[in-house]
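2 protein chains.
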Amino acid sequence: MSTIKYILPENEMPTSWYNIQADLPEPLPPYLHPLTKKPLGPDDLAPLFAMELIKQEVSQERYINIPDEVLKIYRQFRPSPLYRARLLEQMLDTPAHIYYKFEDVSPAGSHKPNSAIPQAYYNMKEGIKRLTTETGAGQWGSSLALACSYFDIELKIYMVRVSYEQKPYRRMMMEAWKGKCVPSPSLDTNAGRVALQADPNNPGSLGLAISEAVEDAMTREDTHYALGSVLNHVLMHQTIIGLECKKQVEMAGEYPDIVIACAGGGSNFGGIAMPFVHDNLKKGKNTRIVAVEPSSCPSLTKGVYAYDYGDVAGMAPIAKMYTLGSHFMPPPVHAGGLRYHGMSPIVSHLHKLGLIEARAVNQLATFEAGLTFARSEGFISAPETNHAIRVAIDEALKCRETGEKKVILFNHSGYGYFDMTAYDTYMSGKLTDYEYPSDKVQEAQAGLPQL
Amino acid sequence: MSTIKYILPENEMPTSWYNIQADLPEPLPPYLHPLTKKPLGPDDLAPLFAMELIKQEVSQERYINIPDEVLKIYRQFRPSPLYRARLLEQMLDTPAHIYYKFEDVSPAGSHKPNSAIPQAYYNMKEGIKRLTTETGAGQWGSSLALACSYFDIELKIYMVRVSYEQKPYRRMMMEAWKGKCVPSPSLDTNAGRVALQADPNNPGSLGLAISEAVEDAMTREDTHYALGSVLNHVLMHQTIIGLECKKQVEMAGEYPDIVIACAGGGSNFGGIAMPFVHDNLKKGKNTRIVAVEPSSCPSLTKGVYAYDYGDVAGMAPIAKMYTLGSHFMPPPVHAGGLRYHGMSPIVSHLHKLGLIEARAVNQLATFEAGLTFARSEGFISAPETNHAIRVAIDEALKCRETGEKKVILFNHSGYGYFDMTAYDTYMSGKLTDYEYPSDKVQEAQAGLPQL
Numbered sequence: 017m018s019t020i021k022y023i024l025p026e027n028e029m030p031t032s033w034y035n036i037q038a039d040l041p042e043p044l045p046p047y048l049h050p051l052t053k054k055p056l057g058p059d060d061l062a063p064l065f066a067m068e069l070i071k072q073e074v075s076q077e078r079y080i081n082i083p084d085e086v087l088k089i090y091r092q093f094r095p096s097p098l099y100r101a102r103l104l105e106q107m108l109d110t111p112a113h114i115y116y117k118f119e120d121v122s123p124a125g126s127h128k129p130n131s132a133i134p135q136a137y138y139n140m141k142e143g144i145k146r147l148t149t150e151t152g153a154g155q156w157g158s159s160l161a162l163a164c165s166y167f168d169i170e171l172k173i174y175m176v177r178v179s180y181e182q183k184p185y186r187r188m189m190m191e192a193w194k195g196k197c198v199p200s201p202s203l204d205t206n207a208g209r210v211a212l213q214a215d216p217n218n219p220g221s222l223g224l225a226i227s228e229a230v231e232d233a234m235t236r237e238d239t240h241y242a243l244g245s246v247l248n249h250v251l252m253h254q255t256i257i258g259l260e261c262k263k264q265v266e267m268a269g270e271y272p273d274i275v276i277a278c279a280g281g282g283s284n285f286g287g288i289a290m291p292f293v294h295d296n297l298k299k300g301k302n303t304r305i306v307a308v309e310p311s312s313c314p315s316l317t318k319g320v321y322a323y324d325y326g327d328v329a330g331m332a333p334i335a336k337m338y339t340l341g342s343h344f345m346p347p348p349v350h351a352g353g354l355r356y357h358g359m360s361p362i363v364s365h366l367h368k369l370g371l372i373e374a375r376a377v378n379q380l381a382t383f384e385a386g387l388t389f390a391r392s393e394g395f396i397s398a399p400e401t402n403h404a405i406r407v408a409i410d411e412a413l414k415c416r417e418t419g420e421k422k423v424i425l426f427n428h429s430g431y432g433y434f435d436m437t438a439y440d441t442y443m444s445g446k447l448t449d450y451e452y453p454s455d456k457v458q459e460a461q462a463g464l465p466q467l
Numbered sequence: 017m018s019t020i021k022y023i024l025p026e027n028e029m030p031t032s033w034y035n036i037q038a039d040l041p042e043p044l045p046p047y048l049h050p051l052t053k054k055p056l057g058p059d060d061l062a063p064l065f066a067m068e069l070i071k072q073e074v075s076q077e078r079y080i081n082i083p084d085e086v087l088k089i090y091r092q093f094r095p096s097p098l099y100r101a102r103l104l105e106q107m108l109d110t111p112a113h114i115y116y117k118f119e120d121v122s123p124a125g126s127h128k129p130n131s132a133i134p135q136a137y138y139n140m141k142e143g144i145k146r147l148t149t150e151t152g153a154g155q156w157g158s159s160l161a162l163a164c165s166y167f168d169i170e171l172k173i174y175m176v177r178v179s180y181e182q183k184p185y186r187r188m189m190m191e192a193w194k195g196k197c198v199p200s201p202s203l204d205t206n207a208g209r210v211a212l213q214a215d216p217n218n219p220g221s222l223g224l225a226i227s228e229a230v231e232d233a234m235t236r237e238d239t240h241y242a243l244g245s246v247l248n249h250v251l252m253h254q255t256i257i258g259l260e261c262k263k264q265v266e267m268a269g270e271y272p273d274i275v276i277a278c279a280g281g282g283s284n285f286g287g288i289a290m291p292f293v294h295d296n297l298k299k300g301k302n303t304r305i306v307a308v309e310p311s312s313c314p315s316l317t318k319g320v321y322a323y324d325y326g327d328v329a330g331m332a333p334i335a336k337m338y339t340l341g342s343h344f345m346p347p348p349v350h351a352g353g354l355r356y357h358g359m360s361p362i363v364s365h366l367h368k369l370g371l372i373e374a375r376a377v378n379q380l381a382t383f384e385a386g387l388t389f390a391r392s393e394g395f396i397s398a399p400e401t402n403h404a405i406r407v408a409i410d411e412a413l414k415c416r417e418t419g420e421k422k423v424i425l426f427n428h429s430g431y432g433y434f435d436m437t438a439y440d441t442y443m444s445g446k447l448t449d450y451e452y453p454s455d456k457v458q459e460a461q462a463g464l465p466q467l
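Protein chains in written order, with this note's numbering: chain A, 17 to 467; chain B, 17 to 467.
Simulated from the structure, these hints should not be mistaken for lab results. Mixed in with the good hints there might be a few duds.
Given that identical chains are not distinguished, each listed pair holds provided it fits within a single copy or across any two copies.
Simulated crosslink set (DSS-like; lysine-lysine; CA at most 27 Å straight-line) [what the hints assert, rightly or not]:
#1 21 with 263
#2 446 with 196
#3 262 with 21
#4 196 with 54
#5 446 with 299
#6 446 with 301
#7 301 with 263
#8 88 with 263
#9 88 with 21
#10 368 with 421
#11 196 with 336
#12 194 with 446
#13 54 with 71
#14 88 with 421
#15 422 with 301
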């Protein structure tokens with residue numbers, strides 16, 4: 017018995033991204049301006065984003081060509097392998113066929129470079145010399161530092177303080193690629209200073225780090241801002257994952273019954289899921305598509321679907337999404353990439369339309385799944401990825417009960433090498449669970465913008 | 017401009033290892049028994065190693081079949097990619113063509129599983145339930161923990177204390193794969209207790225950790241010992257690297273003028289080098305083959321070629337090799353995998369015969385090379401690997417002077433994700449160099465066994 021690897025030939029790598037906006041049964045609600053509360057136009061976004069990315073954000077074209085320069089860098093690590101997890105299947109004694117798409121292979125160790133590279137590229141093409149961004153667990157920050165080093169762009173990263181302290185290695189990695197990384201809240205922005213004045217021990221949040229990065233970019237001519245998840249263009253860049261998967265499951269002679277990914281802002285989930293949502297909508301397929309979030313930060317399963325601020329300071333666009341409120345401070349769980357208060361508008365819309373499912377799982381159960389995976393397939397997974405593994409294992413165990421040979425595909429979004437202390441905490445019995453308090457929902461609703 | 021990746025089709029993966037003993041112009045000097053000082057027989061090794069590995073150690077067959085069960089696990093991450101480093105070439109402005117074989121892709125992140133997997137397999141086949149080993153930087157210990165988890169073997173790892181303290185993440189990784197890891201010297205063995213009695217702050221050495229692991233294995237019926245480098249069978253398992261490389265440079269339409277790898281015990285160097293030594297010996301090729309070691313632990317360039325103990329306590333076989341003396345305590349440089357006092361008998365023999373070259377480089381220069389590599393090719397390399405990168409860059413810079421289009425191939429033996437603090441120390445200007453003191457050589461000679 018052994019794991020099987022499906023390698024897509026390089027000339028079969030997709031050369032376009034898939035834009036689900038072309039296929040949505042109802043269009044996405046527009047973004048609103050945080051001050052005027054009116055629908056946003058391209059000019060409103062121009063101080064922050066390259067014009068090409070703004071066009072992609074609202075494009076209704078089904079496929080958008082990937083620039084040659086981006087394809088060349090993608091080819092350093094793409095197409096990524098698809099694995100049939102036969103060692104895990106054996107350990108679980110399940111008749112299910114479990115596949116995982118392996119996004120660990122980029123130099124930054126996750127799916128994030130799939131969007132970081134085109135974002136840096138388009139900004140470089142438009143003459144931008146400096147970018148700002150925020151990062152939670154550090155996967156996005158390090159990926160953008162890598163991408164900026166390819167295109168010789170200066171980068172400043174606002175890293176959520178709790179992760180900055182938990183994950184010094186990620187900061188060092190960003191610095192190895194010449195990124196400048198500061199803990200957020202910082203003294204470098206007004207938003208940061210206000211937060212620190214109110215609470216000098218503020219652990220930070222993605223929403224607050226976004227405020228800092230946006231403010232920094234707004235106040236400098238040579239600087240744009242880059243976001244690692246949530247936005248339509250980011251999710252679209254990630255569709256290369258799902259597009260490759262479709263070819264690879266075909267190589268394996270199968271088609272998934274269930275597609276699973278973890279969801280924080282929604283980028284790795286959207287990336288693997290949307291090409292399969294397309295098949296459900298357009299090709300009569302009937303695949304279950306499951307987004308997995310932490311029970312400590314359960315925007316899809318316990319949030320409200322409403323227009324909300326994307327950041328703490330109310331500087332980023334207002335979006336219609338599932339949200340726990342822009343001031344929600346999630347507990348310091350180890351899956352730092354899943355601690356955003358909201359959810360990508362596309363993923364939220366798909367959920368509202370009933371085109372995808374959502375599941376919340378607790379932290380202890382995800383680490384247990386991660387160790388099961390490491391002790392069968394060998395790979396040590398990011399805490400975020402462990403959420404997807406948890407649900408994949410649960411579905412495979414259901415198949416053991418029913419005898420069904422379901423085909424389960426999940427996105428292995430990244431490795432856990434910078435998260436070994438989290439595994440250590442779990443293995444030594446010191447890890448705890450956090451449940452989202454039900455009274456928080458009212459608080460979230462109270463903080464929504466008045467439209 | 018972009019990096020180019022050469023992927024060998026899975027059905028082209030070698031199914032035999034190459035055994036250079038079949039082609040040596042002079043045979044290897046035999047191992048000696050540490051007590052009797054007589055040549056070792058298979059029976060002397062039987063308490064420590066599986067019989068199949070003992071046979072491989074002395075085999076004169078040119079090719080030895082890789083068992084199917086090992087091939088299946090290899091295929092999870094092999095064939096590994098060969099990269100043409102065009103981004104690095106561009107940064108160096110060199111006409112040289114630089115290739116690197118990318119061994120980072122195994123779940124343990126280095127070349128070490130190439131030998132860990134067959135070693136665990138043969139021991140499992142012969143009914144062994146428990147293995148012991150030592151580890152320096154942790155690459156070997158984690159690889160063997162991974163391999164033992166595939167074959168359900170219990171593992172105890174004696175980790176050089178200075179690395180145990182510098183690299184807690186590696187210990188946690190071993191534990192994730194169910195390995196039991198203790199700092200060496202430990203209180204669990206006689207050798208460890210003696211060392212701690214003499215110096216409670218003993219930072220440990222590979223030679224001492226070997227003594228502990230060998231003693232542990234000798235005193236338990238169900239237990240064998242596994243070594244991650246130095247021995248002939250270990251180097252032979254690693255030849256899959258060089259055998260794949262030969263096919264991949266052919267895909268690229270080239271043949272290397274220079275082959276480079278770092279050398280501590282010699283396993284990744286031997287693995288990439290020996291198939292090219294074969295071509296020099298048997299096919300009229302004239303490739304320069306360069307082993308790179310740290311100037312702080314320069315066995316090939318400053319050691320003596322003599323019979324010496326493989327470990328501190330004099331329990332492991334005596335081998336003819338370049339050595340700095342079995343009691344040499346190398347300074348705590350970050351390339352923990354390159355801190356062994358001796359050098360593989362095969363590599364030593366090849367060097368003595370003039371079939372390979374050796375270079376010593378200092379620590380600061382290797383980190384500078386590692387950052388140059390990370391800022392062009394993207395990948396962050398192990399401190400050990402940075403030694404090979406240093407010499408590859410030096411050779412490429414020579415080509416810039418002379419205008420020669422040399423083809424340079426080096427072994428990218430592993431990633432540096434567990435070594436980010438070393439990069440941090442370097443980037444913050446706090447890293448220091450260590451030069452091997454010339455008066456130490458006499459000391460090494462004085463400590464050699466009386467034959």
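Numbers of the earlier hints that this structure fails to satisfy, in rising order | The structure conflicts with hints 4, 5, 6, 10 and 11, although it agrees with all the remaining ones.
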